[in-house]
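First to last, the sequence lines map onto chains W and G. Residue numbers for the first sequence follow the numbering used here, so the first one is -8 and each next one is one higher. Residue numbers for the second sequence follow the numbering used here, so the first one is 5 and each next one is one higher.
Check the hints yourself; a few may be wrong.
To list a few chain G residues with every Cβ distance to chain W over 10 Å, as calculated [claimed, not checked]:
{"id": "1", "residue": "Thr6"}
{"id": "2", "residue": "Thr41"}
{"id": "3", "residue": "Asp111"}
{"id": "4", "residue": "Thr253"}
Which stretches of chain G does chain W cover? Using the computed rule of at least three CB atoms under 8 Å from a CB of chain W, they are [as the list claims (entries may be wrong)]:
{"id": "5", "stretch": "125 to 137"}
{"id": "6", "stretch": "166 to 178"}
Selected chain W positions facing chain G (in silico; Cβ < 7 Å) [said to hold, decoys possible]:
{"id": "7", "residue": "Leu21"}
{"id": "8", "residue": "Gly131"}
{"id": "9", "residue": "Val134"}
{"id": "10", "residue": "Val251"}
{"id": "11", "residue": "Ala271"}
{"id": "12", "residue": "His277"}
Note that these hints are calculated values from the structure, not bench results. All C-beta atoms in this analysis are idealised placements derived from N, C-alpha and C, irrespective of residue type, glycine included.
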Amino acid sequence: MRGWLVRRGADGLLTALLAAVALVALVHALPGDPLAAVLGDRAVTPEQLAALTERWGTNRPMGAKLVEYFRALSHGDLGYSMTRGVPVTTVLLERLGPTLLLGALTLLIDFTLGLALGLWAAMHPGSWRARALGALTLVGYAVPSFVAGMVLVWLFGIRLGWLPVAGRSDVLLPIDASAWSVLVDRIRHLILPLATMVLATIAVPIRQQRAAVQGIVNAPWVQAARARGVSPARIAWRHCWRPALTPIVTLFGLWLPMLVAGAVFIEGLFAWPGLGALIAEATAAHDVPLVVGAGLLLVVAVQLGSLLADLLYRVVDPVQRST
Amino acid sequence: MTTSTRAGFALLSILALIAVLGPLLAGSPYAQGNLLTEALHAPSAAHWLGTDQFARDVLARFAWGARNSLGIAAIAVMVATAIGSLLGLLAGSTEGVVSGMLRRLIDVGLALPRVIVLLVLIAATGRLSTPVLAVVIGLTGWPGMARLVRGETLRLRHAPYVLAARALGARPARVLLRDIFPGTLAPMLVAATLGVADAILLEAGLSFLGLGLPLPEPSWGGMLLDAREYLGRAPWLLFFPAAGLVLATSTATLLGETLRRSLQPDSR
């Protein structure tokens, strides 16, 4: 097991490193001048332009730029944001919290509610509720996250006026508000972005879990348990759910990329101050160092997720452990 | 034909009609009416889908947007499939160092989320024109296809009929092109059909962020961006492009699943 972990970890590290090099090299290989993009239509004197070129090193050869970037990266330095004038790492750390909160809660709901619904649907095949759930998950697959988000904003934020649609807290909240009302305010602001993220992602675990359990629901050991008079609830949990867990774990590795993609489109819609909104803002402002820095962070996160999935796979599937 | 197959083809014909004939029948997607008297009108006999904040006809923008969204997705999927299948075939049929390097290349491609690569590209180069955006979305889509085709190639290399061809003295290139390649076509077609949905979502998502097609250019994602400010007063600006997107992605998913069932009966 330890030998496997070391090999798998080294492999993931190499892939992440090569992906990082590819991403940074891509930026420098592209035609177009990042300075011109950031400056837009502003008039600059030749001296100012020379100073900016010197500061950002935009005219150096690509190899030198790559070496320099990764030398700095080895000290944990991602350079400076071109539009904010502060280190990229500072901005990223600032924006990490809200994204982690949203992502972790989405993950939690997807893998509890989603798996429970999938298990339930597989145990009640043909019932109208299960079929309705199946149709709903198909719709969930097809509706893009930002479309779902906008419909929720329109319905609950504007039409019904029940929930706030933007930001993390209410500016009108008095500064000496009680801890309780602050918490309620925070939760109310969280509901719509969280509901959007869950709607956009939960169809996958439901369908996977249902398919996995359906393959097992008539297995010989389940029939034997039924014949012994084991209670339906115990059959569902002990005899069906546990062996059906293996394919679900592979899903886990796909989850981070899905959350990332979702966050990029959804956070901006709700003015949620996370990494996804940051990347979209930075792209619009042509702040290349910031976009690349955030991109690298996500590449590493995705590799960690896939490593974790492989690890879990070996934990739940005894056959995998021997190799 | 099952019901879902029929439904899939029916939806596909509707979409094709909208994208091909729609722009011919609808007016210009750029023409603005009188901003004071004709902006943000609800659907009526004059404007079947209403008008937007610039008093433009939503139906015209919807039809032209369909052409843009679906056209971009089609080109993107062709690019992704061409590159991905070529790399996958090579990675699956070569040996030793070359095979290892190609496998690593595919892994690295899979390690880079598509959205991130696209955003980095857009940040570094500025706005992309419609055909360039289509090709670029395709250029980020090859890793998934390459992994699939590589796996199929590895599997087929040891299929009895391929061994038989080799035993008969067929050259490796012939075996690869005439025996293995046709065997990868079915899963490739399924993946490409499902990939259309991803490509539609990427273009719409980028345009929704204001980073895809430049704004007067009609696209469903851009129309949603336009709708954001007017959700309360003009919800039809949200409903029609949203319906178009849902229709298009569900068609691709439905057809993909149908193809999978009929071409790969053993896959489930």
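Would you check whether the claim that G:Asp111 is not at the interface survives, using Cβ distances to chain W and the 10 Å cut-off? Non-interface label on G:Asp111 violated, nearest chain W Cβ at 5 Å vs cutoff 10 Å.
Do at least three Cβ atoms from the stretch 125 to 137 of chain G come closer than 8 Å to Cβ atoms of chain W? Holds, because 6 residues of the stretch 125 to 137 of chain G bring their Cβ atoms closer than 8 Å to Cβ atoms of chain W.
With a cut-off of 7 Å, does the beta carbon of W:Val251 approach a beta carbon of chain G closely enough for the hint to hold? 5 Å, holds
Distal placement of G:Thr41 relative to chain W, Cβ over 10 Å: Holds: least Cβ distance 25 Å, greater than 10 Å.
Against chain G, with CB atoms and a cut of 7 Å, does the hint on W:Val134 hold up? Holds. Min distance 5 Å.
Given W:Gly131 as an interface hint, is the shortest Cβ-Cβ distance to chain G below 7 Å? Since the shortest Cβ distance to chain G is 11 Å, the answer is violated.
When you look at the beta carbon of G:Thr6, is every beta carbon of chain W farther off than 10 Å? G:Thr6 clear of chain W: closest Cβ-Cβ about 15 Å, beyond 10 Å.
Per-residue hint verdict: W:His277, partner chain G, C-beta under 7 Å: 5 Å, holds
Against chain W, does G:Thr253 hold up as non-interface, every C-beta pair farther apart than 10 Å? At about 5 Å from chain W, G:Thr253 fails to clear the 10 Å cut-off, so the statement is violated.
Residue hint W:Leu21, partner chain G, criterion CB-CB below 7 Å: 5 Å, holds
Minimum Cβ distance from W:Ala271 to chain G below 7 Å? 5 Å, holds
Does the stretch 166 to 178 of chain G contain three or more residues whose Cβ lies closer than 8 Å to a Cβ of chain W? Three-residue rule not met by the stretch 166 to 178 of chain G, so violated; n is 0.
The structure fails to meet hints 3, 4, 6 and 8 from the earlier list, while all remaining hints are met.
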